[in-house]
Amino acid sequence: VLTNLLRLGGGLFMCLFTSWKLTLLASTLIGPIIYLTRIYAIWSRKLGLSIRVNMADANAVATEALRNIRTVRSFGADDMEVSQFKHHMDLSLKSGMKDAYASAGVS
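Once you know that position 19 of the sequence shown is 19 in the working numbering, the rest is easy, because the numbers rise by one and skip nothing.
Everything labelled a hint here was simulated from the structure, so no lab data went into it.
Keep in mind that a hint or two might mislead.
Taking CB as the label site, the calculated pair distances span [claimed, not checked]:
(1) A102 / V53: 14 to 20 Å
(2) N4 / A100: 28 to 34 Å
(3) I30 / G96: 28 to 34 Å
(4) G9 / L47: 34 to 40 Å
(5) R38 / K86: 34 to 40 Å
(6) R67 / S107: 40 to 46 Å
With a cut-off of at most 25 Å between alpha-carbon atoms, the simulated SDA-like pairs for lysine to any residue come out as follows [stated by the list, open to error]:
(7) K21 / G10
(8) K94 / V61
(9) K94 / S107
(10) K46 / M97
(11) K21 / G31
(12) K46 / L93
(13) K94 / E64
(14) K94 / R38
(15) K86 / K98
(16) K86 / L47
(17) K46 / G105
(18) K94 / A62
(19) K98 / N59
(20) K98 / A56
(21) K94 / A60
(22) K46 / G96
(23) K86 / R45
(24) K86 / G76
(25) K21 / L5
(26) K98 / W43
(27) K86 / L49
(28) K94 / T37
(29) K98 / L47
(30) K94 / Q84
(31) K86 / A58
(32) K98 / F85
(33) K98 / D57
(34) K98 / H88
As the structure is a prediction and not an experimental result, all values here were calculated from the model.
All C-beta atoms in this analysis are idealised placements derived from N, C-alpha and C, irrespective of residue type, glycine included.
Full structure from sequences and hints, please.
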């Protein structure tokens, strides 16, 4: 911790010594950047939870269909089970793509 504080103090002194105007400008941008990063982190956490929930639902559909394979086959519900699984996986994919695009925009 002490070495990090010394590096921070030394870097700040060097920046102030080199150009105090540029240092002042750069330090005014730190607050909004931290705020936007925090908002993105909260949004991304919710989106990550949505991804996991949709994948869990898809897993539940697949597990239920495989456990009751005889019933599914006898009623010819193969397509229905596949479409339910595909629906949950598509929702998960859409959420993952949103998160990837936003992550690329933040980086």
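Each hint, compared with the structure:
A C-beta distance of roughly 18 Å is found between A102 and V53, which places it inside the suggested range of 14 to 20 Å. For the hinted restraint 28 to 34 Å between N4 and A100, the CB-CB distance of approximately 32 Å keeps it satisfied. With their beta carbons about 30 Å apart, I30 and G96 fall inside the hinted range of 28 to 34 Å. Taken as a hint, the range 34 to 40 Å holds for the pair G9 and L47, whose Cβ atoms sit roughly 38 Å apart.
With their beta carbons about 35 Å apart, R38 and K86 fall inside the hinted range of 34 to 40 Å. One distance hint, 40 to 46 Å for the beta-carbon pair R67 and S107, holds here, with the actual separation near 43 Å. The suggested pairing of K21 with G10 holds, with an alpha-carbon distance near 17 Å, which does not exceed 25 Å. About 19 Å separates the Cα atoms of K94 and V61, which keeps this hinted pair within 25 Å; it holds.
Proximity of K94 to S107 is assessed by CA-CA distance (about 20 Å); at most 25 Å being required, the pair is judged to hold. Among the hinted pairs, K46 with M97 is consistent with the structure: their alpha-carbon atoms are about 14 Å apart, no more than 25 Å. The straight-line distance between the Cα atoms of K21 and G31 is roughly 17 Å, inside the 25 Å bound, and the hint therefore holds. Proposed proximity of K46 and L93 is supported: the alpha carbons are some 15 Å apart, at most 25 Å.
At roughly 24 Å between alpha-carbon atoms, K94 and E64 fall within 25 Å of each other, so this suggested pair holds. About 22 Å separates the Cα atoms of K94 and R38, which keeps this hinted pair within 25 Å; it holds. For the hint pairing K86 with K98, the CA-to-CA distance comes to about 18 Å; that is within 25 Å, so the pair holds. With a C-alpha separation of about 19 Å, the suggested pairing of K86 with L47 holds against the 25 Å cut-off.
Distance hint between K46 and G105 is fulfilled; the C-alpha atoms sit about 18 Å from each other, no more than 25 Å. The suggested pairing of K94 with A62 holds, with an alpha-carbon distance near 20 Å, which does not exceed 25 Å. This hinted pair checks out: K98 and N59 have alpha carbons roughly 22 Å apart, not beyond 25 Å. For the hint linking K98 to A56, the alpha-carbon distance of about 19 Å falls within 25 Å, and the restraint holds.
The straight-line distance between the Cα atoms of K94 and A60 is roughly 19 Å, inside the 25 Å bound, and the hint therefore holds. A C-alpha spacing of about 11 Å is found between K46 and G96, which places the hinted pair at or below 25 Å, so the restraint holds. Our distance criterion of 25 Å between C-alpha atoms is met by K86 and R45, whose separation comes to about 24 Å. Distance restraint check for K86 and G76: the Cα-Cα separation of roughly 17 Å lies within the 25 Å cut-off, and the hinted pair is therefore satisfied.
Taking the CA atoms of K21 and L5, the gap is about 23 Å. The hint holds against a cut of 25 Å. Of the pairs offered as hints, the one joining K98 and W43 holds, with about 11 Å between alpha carbons and a cut-off of 25 Å not exceeded. Simply put, K86 and L49 have alpha-carbon atoms about 19 Å apart, close enough for the 25 Å limit, and the pair holds. Pair hint K94 plus T37 holds up; C-alpha atoms about 22 Å apart against a cutoff of 25 Å.
Between the alpha carbons of K98 and L47 the distance comes to roughly 8 Å, so the proposed pair stays at or under 25 Å and holds. Of the supplied pair hints, the one linking K94 and Q84 holds, its CA atoms being roughly 16 Å apart against a limit of 25 Å. For the suggested pair K86 and A58, the alpha carbons sit about 8 Å apart, so the restraint of at most 25 Å is met. Note on K98 and F85: the hinted pairing holds, with a Cα-Cα distance of about 20 Å set against a maximum of 25 Å.
Between K98 and D57, the direct Cα distance comes to roughly 19 Å. Compliance with the 25 Å bound is thereby established for this hinted pair. With a C-alpha separation of about 16 Å, the suggested pair K98 and H88 falls inside the 25 Å cut-off, and the hint holds.
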